[in-house]
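My request is simple: use the sequences and hints to build the entire structure.
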Amino acid sequence: MARPDIEAIRQFLYLEARLLDRWDLEAWLDLFDDELRYWIPVRHDSIDVEVEVQHAYDDRTQLNERVTRLFGPHAYAQQPRSRLSRIVANVTIESVDEDRIDVRSTFLLTELRRGSTDMWAGETEHVLRPRLEAPGFAIAAKKVLLLASEEPIDNLTFLL
Amino acid sequence: MNDLYARPEQPTPPDPARLVGTDRVHGSVYTDPAIFTLEMDRIFGQSWIYVAHRSELAEAGSFKTTMLGSRPIVLMRGDDGEIRAFYNRCRHRGVTVCQERTGQARFLRCDYHGWTYASDGRLVGVPYRDAYEGTDFAEENLGLTPVARLTEYRGLLFVSGAAHGPTLAEHLGDAVPYIDRFIDPSPTGELDLTAGVQRYFYRGNWKFQMENSVDGYHPNFTHAAYFDLLESRTGNRVMTYDGRSPALTRDVGCGHVMLDQRPTTGSVNAALQDGIGATEDGRVWHQALTERLGAEKADDILALGGGAGVFLVIYPNLVLINLQVRVIVPVAPDRTEVEIYPALLQDVPRSINARRLRVHEHFYGPGGFGAPDDLEIFERNQQGLAADGDPWLLLQRGTERERLDDAGHRVGQATDEVTQRGFWRQWLASMAAS
Chain A
0 MARPDIEAIR
10 QFLYLEARLL
20 DRWDLEAWLD
30 LFDDELRYWI
40 PVRHDSIDVE
50 VEVQHAYDDR
60 TQLNERVTRL
70 FGPHAYAQQP
80 RSRLSRIVAN
90 VTIESVDEDR
100 IDVRSTFLLT
110 ELRRGSTDMW
120 AGETEHVLRP
130 RLEAPGFAIA
140 AKKVLLLASE
150 EPIDNLTFLL
Chain B
0 MNDLYARPEQ
10 PTPPDPARLV
20 GTDRVHGSVY
30 TDPAIFTLEM
40 DRIFGQSWIY
50 VAHRSELAEA
60 GSFKTTMLGS
70 RPIVLMRGDD
80 GEIRAFYNRC
90 RHRGVTVCQE
100 RTGQARFLRC
110 DYHGWTYASD
120 GRLVGVPYRD
130 AYEGTDFAEE
140 NLGLTPVARL
150 TEYRGLLFVS
160 GAAHGPTLAE
170 HLGDAVPYID
180 RFIDPSPTGE
190 LDLTAGVQRY
200 FYRGNWKFQM
210 ENSVDGYHPN
220 FTHAAYFDLL
230 ESRTGNRVMT
240 YDGRSPALTR
250 DVGCGHVMLD
260 QRPTTGSVNA
270 ALQDGIGATE
280 DGRVWHQALT
290 ERLGAEKADD
300 ILALGGGAGV
310 FLVIYPNLVL
320 INLQVRVIVP
330 VAPDRTEVEI
340 YPALLQDVPR
350 SINARRLRVH
360 EHFYGPGGFG
370 APDDLEIFER
380 NQQGLAADGD
390 PWLLLQRGTE
400 RERLDDAGHR
410 VGQATDEVTQ
420 RGFWRQWLAS
430 MAAS
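These protein sequence lines map, in sequence, to chains A and B. Okay, so the first sequence: first residue is 0 according to numbering that gives the first Met the number 0, each after it adds one. Okay, so the second sequence: first residue is 0 according to numbering that gives the first Met the number 0, each after it adds one.
Do not rely on the hints blindly, as some may be mistaken.
Derived SDA-like pairs: lysine to any residue, alpha-carbon spacing no greater than 25 Å straight-line [to be verified]:
| no. | chain 1 | residue 1 | chain 2 | residue 2 |
| --- | --- | --- | --- | --- |
| 1 | A | K142 | A | G114 |
| 2 | A | K142 | A | S104 |
| 3 | A | K142 | B | V94 |
| 4 | A | K142 | B | T193 |
| 5 | A | K142 | B | E338 |
| 6 | A | K142 | B | R357 |
| 7 | A | K142 | B | V196 |
| 8 | A | K142 | B | Y216 |
| 9 | A | K142 | B | R198 |
Covered by chain A, according to a simulated footprint, are these stretches of chain B (three or more residues, beta-carbon under 8 Å) [claimed, not checked]:
| no. | stretch |
| --- | --- |
| 10 | 59 to 66 |
| 11 | 335 to 344 |
| 12 | 364 to 377 |
| 13 | 417 to 425 |
Since the hints were derived computationally from the structure, they do not count as laboratory data. We treat Cβ as the ideally placed atom computed from N, Cα and C, and that holds for glycine.
What follows is the structure, encoded as structure tokens:
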């Protein structure tokens, strides 16, 4: 495959960030491929999901459920809702294969809930599939290496 | 001017006996800093406190740091293979000698002046030692200070800061068969707690999480979102926590209390693990259990999806719940950390443990579909207690229908507060002791 346009990838990641910040999660789910992985490891040096616990390790069904749950009337951990604002930066193309682009980026996310501001930072690894139709890519896998993943965390119910 | 140096007058410590009744507790037990200080001294400084699992300290030199109430401690396996517990404090000037949560080292060295301790705690290195000549300095008296007692039960390591008092066996008492139920699904008879640790915190008192872990009244409300989801996935509503559920609450004494879901067929765990016994790997696991425990127990374990069928509080800081070892770490009256160690089984096909982890993650941890709603409630609880016009919290559910079972243990229906009353009875006993 020809080397993809880095600017097009950046714009795609900005679009994703905007949908997440606005809680437009139905549209966010549409960015994913039918077969997907949404993954937040606990261990920084994680190597084997079969013997290591994860904060999230969702397939399509479970990610849909995660979103459905949050919009139901009883998801108290998001009542009141976290207000989110994230910056995505340091976008690099790690490798390009047939029908697969591996992209790495960093994020800084500010969460405001109940008058208290929390900062979340980390690195994201996207596996993207090129698409002819807009917005030009589909997310096959998203792995978020959260800086605080091994520290005590009060609430990780919003989407990263 | 001398007043500047006078000790401030000590306020009279609160009397715990006036704060806990047979069917109610006073809100200040969750909010008063003086109560928290007493708890750190009388409960966490004296009782048997769970601190680690043997599998976390697998090799010579393996160490783990943790807190014994407000006191930092370090657990270390010596070159002789023995696990010991020390206060994490250099004998010279009191600096911590171990900084990492876990790791492996030949020595523990204080980075301030270089005092060095062997893995068995002996002081083996003091720089420029000649300056101590003629003083009463003696290395043999200056090893790391050991925590008074450390005892293991089936891989679970408990310490006590008190040199005397009940043995661990006496403390665990009638809870032992239920601890066994949690460990028995592992074909070797021992668990493996090396899957990693999920940590969360909440702005609330530590006892909220202990009481909540065996509160059969809250799931249908706090976790309505989860049960809605499970119903849409499986087509069945979990009825374990209904007001007419045959599931039980039980108090086996010493503050050890449980939610016993075995009388219900629809335990959450079994639902999510449905059919695991029919897989090839499930059959291998079942066969190994049958050889060790017999067919009846092996069948029982598979039917419960590999769980104990019981959510068990081991007073004061350990919960064996679902597929996890949960440790409660009090930080302040209104701040608590919780460590979650998913329990892996030894010598089972890989898919069995992978499935346990995924079932666990579905509900638990800061990003799970259930546990974060508990944390939200704990924080609302701490906030609500500030409104102390009526300071009492009510614990009388099922008082009239509480009965003694064949073993002489208090038992009630799933949504009764037998478990909370049992916890508070022991709290009062341990706060009264000194």
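Evaluated hints:
no.	hint	in the structure
1	K142(A) - G114(A)	violated (29 Å)
2	K142(A) - S104(A)	holds (11 Å)
3	K142(A) - V94(B)	violated (39 Å)
4	K142(A) - T193(B)	holds (22 Å)
5	K142(A) - E338(B)	holds (23 Å)
6	K142(A) - R357(B)	holds (16 Å)
7	K142(A) - V196(B)	holds (19 Å)
8	K142(A) - Y216(B)	violated (37 Å)
9	K142(A) - R198(B)	holds (19 Å)
10	59 to 66	violated (count 0)
11	335 to 344	holds (count 5)
12	364 to 377	holds (count 9)
13	417 to 425	violated (count 0)
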